[in-house]
Amino acid sequence: MVGRYYFAIVGHDDEALFDFEYSSNKSSESKPEDHRHLNQFVAHAALDVIDEQLWGTTNTFLKSVDKFNEWIVSAFVTPSKLRFVLLHDEPNENRIRSFFNDVFEVYMKVMFHCA
Numbered sequence: 296m297v298g299r300y301y302f303a304i305v306g307h308d309d310e311a312l313f314d315f316e317y318s319s320n321k322s323s324e325s326k327p328e329d330h331r332h333l334n335q336f337v338a339h340a341a342l343d344v345i346d347e348q349l350w351g352t353t354n355t356f357l358k359s360v361d362k363f364n365e366w367i368v369s370a371f372v373t374p375s376k377l378r379f380v381l382l383h384d385e386p387n388e389n390r391i392r393s394f395f396n397d398v399f400e401v402y403m404k405v406m407f408h409c410a
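Oh and the sequence shown: position 101 is 396 in this note's numbering, straight run, nothing missing.
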């Protein structure tokens, strides 16, 4: 995956459990902290759209739920309603779906080993 990404795991009460920002562009002039609050705001604003789309589908992967400037917001919702939110500029939907499936697989392994 190439480009810029912001990933967040959001709990049941809309609390951020984990977030991570990644950019494959090594020559980026702006520091990661410059846009961190904006990324958090965009991801949090998309939660209402994600919840709305859940009522109309049984899919766990929600493709492009929102857009903000150059960012595309995609989401994955676990059966327990935990939300994985990804802000990205990647147009390849299959890579995003694969990323969410990999994250969900790791999440399930961690949850089963902690119990």
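Quick caveat, the hints were computed from the structure, so don't treat them as lab data.
Note that the coordinates shown come from a computational prediction; the quantities given were computed from them, not determined experimentally.
Possibly wrong hints are sitting among the right ones.
Unchecked claim - Straight-line alpha carbon distances no greater than 25 Å define the calculated BS3-like cross-link-like pairs of lysine-lysine that follow: (1) Lys376 - Lys358; (2) Lys404 - Lys362; (3) Lys362 - Lys376.
For each hint, the structure was consulted:
no.	hint	verdict
1	Lys376 - Lys358	holds, 16 Å
2	Lys404 - Lys362	violated, 31 Å
3	Lys362 - Lys376	holds, 22 Å
In summary, the structure is inconsistent with hint 2 from the numbered list given earlier, while agreeing with all the others.
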